[in-house]
Structure formats: structure tokens, C-alpha cells
Amino acid sequence: MAILEVRDLEVNYGLIKAIKGVSFEVNEGEIVALIGANGAGKTTIMHAVSGLLPKAAGKVTLFGKDVSSTPAHKLVYQGMAQVPEGRRIFQELTVFENLQMGYYSVKNKGGFEDKLREIYKSFPILEERKNQIAGTLSGGEQQMLAMSRALMSSPKLLLLDEPSMGLSPLYVNTIFEMIKKVNSMGTTVLLVEQNAKKTLSIADRAYVLEIGKMVKTGTGEELLNDEEIKKAYLGG
Amino acid sequence: MDFLITLVNGLSLGGIYAMIALGYTMVYGIAKMLNFAHGDIIMVGGYAILVFLSVNPILAIVFSVLFCIGLGIAVEKAAYKPLRGASPLAVLITAIGVSYFLQSLAQIIFGASPKYVIIADLGSLVIGEVSISYGTIITLACSIVIMIALTLFVKLTKTGRAMIAVSEDKDAARLMGVNIDHIIMITFAIGSALASLAGLFSLLRVPTIMPTYGALPGIKAFTAAVIGGIGSIPGAMLGGILLGVVECVCNSIPTVAPYTMAIEFAILIVILLVKPTGILGKKRREKV
Ligand SMILES: Nc1ncnc2c1ncn2[C@@H]1O[C@H](COP(=O)(O)OP(=O)(O)O)[C@@H](O)[C@H]1O
Ligand SMILES: [Mg+2]
Chain U
1 MAILEVRDLE VNYGLIKAIK GVSFEVNEGE IVALIGANGA GKTTIMHAVS
51 GLLPKAAGKV TLFGKDVSST PAHKLVYQGM AQVPEGRRIF QELTVFENLQ
101 MGYYSVKNKG GFEDKLREIY KSFPILEERK NQIAGTLSGG EQQMLAMSRA
151 LMSSPKLLLL DEPSMGLSPL YVNTIFEMIK KVNSMGTTVL LVEQNAKKTL
201 SIADRAYVLE IGKMVKTGTG EELLNDEEIK KAYLGG
Chain X
1 MDFLITLVNG LSLGGIYAMI ALGYTMVYGI AKMLNFAHGD IIMVGGYAIL
51 VFLSVNPILA IVFSVLFCIG LGIAVEKAAY KPLRGASPLA VLITAIGVSY
101 FLQSLAQIIF GASPKYVIIA DLGSLVIGEV SISYGTIITL ACSIVIMIAL
151 TLFVKLTKTG RAMIAVSEDK DAARLMGVNI DHIIMITFAI GSALASLAGL
201 FSLLRVPTIM PTYGALPGIK AFTAAVIGGI GSIPGAMLGG ILLGVVECVC
251 NSIPTVAPYT MAIEFAILIV ILLVKPTGIL GKKRREKV
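Taken in sequence, the protein lines are chains U and X. For reference, each letter of the first sequence is one residue, going 1 to 236 in this note's numbering. For reference, each letter of the second sequence is one residue, going 1 to 288 in this note's numbering.
Quick caveat, the hints were computed from the structure, so don't treat them as lab data. Ideal Cβ positions, reconstructed from N, Cα and C, are used throughout, including at glycine. There may be inaccurate statements among the hints.
[Unchecked claim] If you want a taste of the chain X side facing chain U, the calculated C-beta under 8 angstroms gives, among others: (1) K158; (2) D171; (3) A172; (4) L175; (5) M176; (6) V178; (7) R205.
Could you put the whole structure together from the sequences, leaning on the hints where they help?
Structural data, given as C-alpha cells:
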């Protein structure tokens, strides 16, 4: 069953048409990837889906409900969380306070400690650094914090925008392992990446985006073995 | 001993400036706008006290605070909210328009001539040959309590944390489920409550009011907010207190007194030259 359905989405920046009619869906339990070169429009799609950017046309359905004009702050209450491009953690708050912000939308106050323990178990470094100002963490630690912050609301659907950007290979592996783990524990994932090889190897299905249009779709494996994709995105 | 009295006076005046500066700085930090009508809330607060003063001073003060909170929220909803996302210049001009609107309205209702607002005759504390008014002491004590309370509110409550988050990264805060409009409304409410209290304490110092009453303290407090680092809550407190002390010290020296205001603004210029973000202001990483 599709829990996220995007139909004929168009997004403009002023007169520039950045997304020119894009459709895709994410089914329950999947890892779906959106790959494309820098500037293809991946982030624009993510922001339009989460309501941070206005849509020029198209329809977004989340868990069967039309959320095309739902304001961004309401979607987390419906079970969708996003780790935005560039991490966007709250630099002036501590690690712990960032995690508190991640729990902002959850009504059940009593569940906070349990959720926190669960996160600390997956990312022990965050517990060690819980009182550190988040802006002073390394890039990889910040990415873990950004992911943990999104997971604090126990989302059913997690949107990840280039989580491996700018990270050392060691951290890239950790992050991809985390994504697999989060997915195996029941969270559906929509993953945007430029790192096509790693992404396609963990994705159930993927869509290929080129200058605002979907040009190809298939299972992760199909696309990994596709000659055109190999040439364009996998370095020959 | 004289100097000590001057210092207490300065700290007390500084507390008033700090309370007003907090409104400027919080609104700037969260709504990213300079609310030049903020000073006029002080004036409205003063007149609001006048309305019920003959009935009961406590009632008058409570009414004033509530009225200012309502006014601050109404101004934000009616004048600023429709301009969210508009150019900063459009918002600035609107704020100046609101300022003139409030002043003219006060003039129509209460007339242009100054009115006495004697809230209570509190008397003075006499120590040996010097004396200091209880109004000054109460102002200082209340402003300290208010500043501590505000600091704790921002640091320890969920709403306070959301305010910091919004001031740092609006979109990231929205993704956490924070309703920006709601946070902006709370910010205006707090700022306006503090401005009305500042009006009350100013009237304890000098018990006359007129429609332009809020203009000068407004400018001074804005200066204080910029000196401390606009957007920074401790910065507004520091800037306000610094400016209040400088003002009282300068005024206590007869040869310097005529230049007090020039000195205050000179401090602003020097600090901005040395540290363009203000004393406690942080240079924020630009976000794309
Ligand atoms: N704020 C903006 N204003 C104007 N154009 C933008 C803006 N943000 C992105 N774009 C343009 O939209 C296109 C898609 O950008 P983006 O969604 O960030 O791509 P990606 O995430 O795939 O790298 C690019 O051509 C980019 O230049
Ligand atoms: Mg991008």
C-alpha cells in the first residue's frame, strides 16, 4: 500500500520551473531512493512534499489523506519526519535539547525517557556528548544527531535528504547501516542521494531524476545493472 | 555614598531599558523584524494605567499589562502577519506606520498635553544624609526577578526552547512540528507585557505621560539591544543595564550632563565598530 503518493508535482522558484510534473509513490516498509545529479531538483521535491515550499501544481497524499496544502508543522503529527539537506541541527542548543526538540510533536510526555534511551543505544556518542553545544560536533556526529532528532517522533515515514553528504567514508557506512536498521524496525524511508551506488544497493526501488523530471524507475538492483545508469551515475 | 546612589539609580533605569530591549531583541530574533512600534506600547501601557487608576492602582496595572498583551498580539496579526515574507523595508515602514497610528490615537483620546499619572506615593529610603526612592528600589528588584524568570522560561520550557529553535532555523523548527505563527504570537505577547511594565516603572520615576512618551525610551532600548547584540536575550539585558548606568553616571556630573545622550550613542558607534554584532551577538552561519 502506498503511504506517500506524489502526483504530477510542479514547483517553481519565481519564473524558474524547477520540478516539471513528477510522480512517484512510497509503499509501506520500503526504502525508496531518489537519485539525480546536483541541481536535478531532489531537495525541491523533498521540501514540496514536507510543505516547506509551495507547490505550483500536483497532489500529495500521505497515509491516504490529501496533504497538498497542509502546513509543514502539521505533517510530523501525521507520522512523517524529515532530515533536511545540510543537517540543520540547532547549533546553539545542546545535543540533549536538540533531541527534546525532536520530541516536540509527541503528546505522550512519559515516553520521552524510553525514546531517548533507545536513541542513545543506537548512537552512544550522542549520550557521551549530550550536554555539548550541537554546533561544536563534527559533521558525522551532527548527521547522527539530525537523524536521531527526526527519529525521536517515532515517524512511520522518514525522509532523508543526502545524509552522507560531506562525510568521511567511515561515517557514510555508519549512516547507511543506520538507514537499513531503522527500516528493518518498521520505518518506511524515502532517501535522496547523490551517492548512487550505495543508495541503489540498499533501496527496494528507486527513481532517477534529471532536471526536474523522472527519467527512469526500477528496483535498486535493476538500476544498478542498467547501462545508462552505470555510465551516468556509477562512474562507468 | 553618592556614587552608590547613582549606581543604584542607574541599575534601576537600566532594568527599565533592559525590559524594553528584550521585546525588541526577541521579536527581532524570532520574527526577523525591527518592531519600531514597540516603544509606543510603553505609552499605551501608561495611558491604560491612567484609565483605572482612580478605581484601584493594582487593577489599573493588571489592566495595563493585559491590554498591552492584547494590543501587541493584535498589531502583529493585523499589520505584520500579512507581510510575512515581504521585503524587510515594507515591514519596517509598516512598523513606523503603526507607531504613528498609536501616537495619533492616544492624542485623539487623551489630548496632546502631558497628564499626571501618580500611581502611588511610595516615599524614600533615607540612609544618613542620602535618600533613594522606594520606586527605584522596587523597579530594580522587579526587573531582576523578571529577567531571571524570562531566562528560566526560555531555557527550561518547551515553548522557550522552540523560541530559540525558531530564531535559529525556522524551517528546521517547522519540521519538528513547531507552529511558527504561534511562537511569534507568544513573543509579541511577552514583549508587550514587558513594555507595559517598563511603562509602569518609568511612571514611578517621572509621573507624566503624553502621546510621544514611548519614543525616547524606545530608541534608547533599541540602542541597548544593538549594543548587547540584537537577537541575544542576555545581550539585551546587558545593553540595557549598561546604558542605564552610563546615563545616570553622566547625568550626575554637571559638566558632562548636557552630553549624556551623545555619549550613549557614541558608545553604540564604538561598540559596533569594534564588534559589529554587538557585545554578545553571534555571527550566524548563512543558510541556503
Ligand atoms: N531558492 C532557490 N531559488 C531559485 N532557484 C533554486 C532555489 N533552490 C534551488 N533552486 C534551483 O532549483 C533546481 C533544483 O535544486 P535542488 O532541488 O536543490 O537540487 P538537488 O537537491 O537535486 O541538488 C536547481 O536548478 C537550483 O538551482
Ligand atoms: Mg539537494
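Status of the hints after comparison with the structure:
1. K158: holds, 7 angstroms
2. D171: holds, 5 angstroms
3. A172: holds, 4 angstroms
4. L175: At about 5 angstroms, which falls below the 8 angstroms cut-off, the nearest Cβ of chain U leaves the hint on L175 of chain X intact, so it holds.
5. M176: Status holds, d = 5 angstroms.
6. V178: holds, 6 angstroms
7. R205: violated, 36 angstroms
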